[in-house]
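K.L.:
Each chain is listed here by its residues.
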Amino acid sequence: MEKESYLIKQVSLFSENKPGRLATMAKAFLDEGINIKAFSIAEADGFGVIRVLVDKTREAYDKLAELGFNVAYTDVIAVIMRDEPGGLYEIAQTLANASINIEYSYAYSGKDKAVLILRVDHVEEAIEHILNAGFNLVRQQEFL
Amino acid sequence: MRYWDKAIETIQPEELEKLQVKRLQETIKRACHVPFYQHRLQEAGISADDITKTSDIKNLPFTKKQDLREGYPFGFFAVPLKEIVRIHTTSGTTGKPTVVGYTKGDLDNWSDLIARNLTMIGLSDDDIFQNMVNYGMFTGGLGFHYGAEKAGLTTIPSATGNTKRQIEMIHDFCVTAIHCTPSYALHLAEVAEELQIPLDSLKTGIFGAEPWSDQMRTELEEKLRVTAFDSYGMSELYGPGVAFECPEHNGLHIWHDSFLVEIIDPATGEPLGPNERGELVITPLTKEAMPLLRYRTGDITMLLDDVCPCGRGRKIARFTGRSDDMLVIRGINVFPSQIEHVLLSIPEVAGSYMVYVDRVNHMDEMIIEVEINRQFFSGELADLKTIRERIQRALRDVLELRTNVRLVEPGSLPRFEGKAKRVIDRREKM
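Line order of the protein sequences matches chains A and B. Per my numbering: the first sequence ends with 144, consecutive numbering throughout. Per my numbering: the second sequence ends with 430, consecutive numbering throughout.
Accuracy of the hints is not assured; some may be wrong.
To be verified - Covered stretches of chain A (in silico footprint by chain B; criterion: 3 or more residues with CB under 8 angstroms from a CB of chain B, positions within the stretch not fixed):
#: 1; region: 12 to 25
#: 2; region: 28 to 42
Said to hold, decoys possible - List of simulated lysine-lysine pairs, DSSO-like, C-alpha gap at most 30 angstroms:
#: 3; chain 1: B; residue 1: Lys385; chain 2: A; residue 2: Lys37
#: 4; chain 1: B; residue 1: Lys96; chain 2: A; residue 2: Lys18
#: 5; chain 1: B; residue 1: Lys82; chain 2: A; residue 2: Lys63
#: 6; chain 1: B; residue 1: Lys82; chain 2: B; residue 2: Lys96
These are calculated hints, taken from the structure and not from any lab test. Every residue gets a Cβ at the ideal spot worked out from N, C-alpha and C, and that includes glycine.
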């Protein structure tokens, strides 16, 4: 299905909030030649979840699991934003109009484009509304 | 020196021995209504008639907390339920609590013991008494309440919680005496200072349900400007009121007419002499609903040799610890096995866990590190929070205690070979 091609596999790691955990993950990516495209950390009272989008998702998952990390895949979508005032607003409003809730989100703004990564409650509807509103979504292979 | 019941409180040794033998015989007869004791006494080949002196007690079998738990719920009642007018429970070593029952006579004896203690420390109908402990299944609330009323004190059943309101009542009602855990008393003193509410009317503080040091006594007496008294008891032996400090503050008077006292080596069960530290074993002599023979309290103390100027009987030393792994957290008894039982019943929890006990601002805090089961990690932080809350709720339901659960990464906790040491008590030792 067309919509599914827009689903991006985020690698989510359960991590205690203590010195060295992020470094361990980052070192693993260095060793495997895995490049991080985007990432964020969410924290809750002593533990958290590290979320990463990488070029080699399966390799990242396997390597982290091998190191003993508790890892899971999470489906997210990545919307290309206009990198100027109002860019975020347009997308957020589109989802709001469709009553789609954003569970969490993070973004990056590079030389050529700004991208908003979204975890939403109804992902297929979200894709539909975003495409209908004329935005572009990034596909997983475009991260390679 | 005032007495509640001078004759019995100052009873002479020969007379006491006679009374104890008579009451021990009666207790054995009552115990024979409990199948557990019927079997045990048969096995030991002993009956009430074989008791001619108190030292014969060494021929009777011990009773352990575990035995009581196996009798859940009413297996240790020696009278028909019709005659039981009150039930309390106390934490058991695993999921099920220990149930204790009381006849009308038991409640009367129990409140009488409390009245004795309160009178001994100088309280009377001139005093206003605020009872700041749990009024539910915990025996400290209702136990002290009825004893204080019996002794004529103006009794305020303020129970636990809402420290500001507790302080306002002490101030507004000119409360003269309080009863609570020593750690809560220190917390109360600090909050009162923050609120700048003077507690000048206070003169007496009764502190129990958890062991406390002499250093803590100094702190309590300085901060609250009270004279502090140590109170000892346990639900299996009615509740509080078993032993109590007199104004000499040199050990606790234990009521020998009501409790036959032994100190044993907890490892071998052999009796120990005066001034030898060991486990306190008590045979209550007046309990009707639930007679117990040689109950192993698990608490470590010793019989003192000196004669008390107050004229009452032999004292025991203040308590210094436990012979088992029971923890006392904010006055509530917690067995590590209870925690394990709860954690193992939650599928999201992997096998390993650690328990840390700290004292933060005078209050005990229990941190429980829990490894989550790999397969339950969905990748979502919200799901982890839900798991954490569920574990805390399950622990709270069983322990009746708020705990701080920390989720840790699978495989990160120590693995033990042989006996696991999963509980680390980081509170300052007494």
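K.L.:
Are any of the numbered hints broken by this structure? If so, which, sorted upward?
P.N.:
Checked against the structure, the hints that fail are numbers 2, 4 and 5, while the rest are satisfied.
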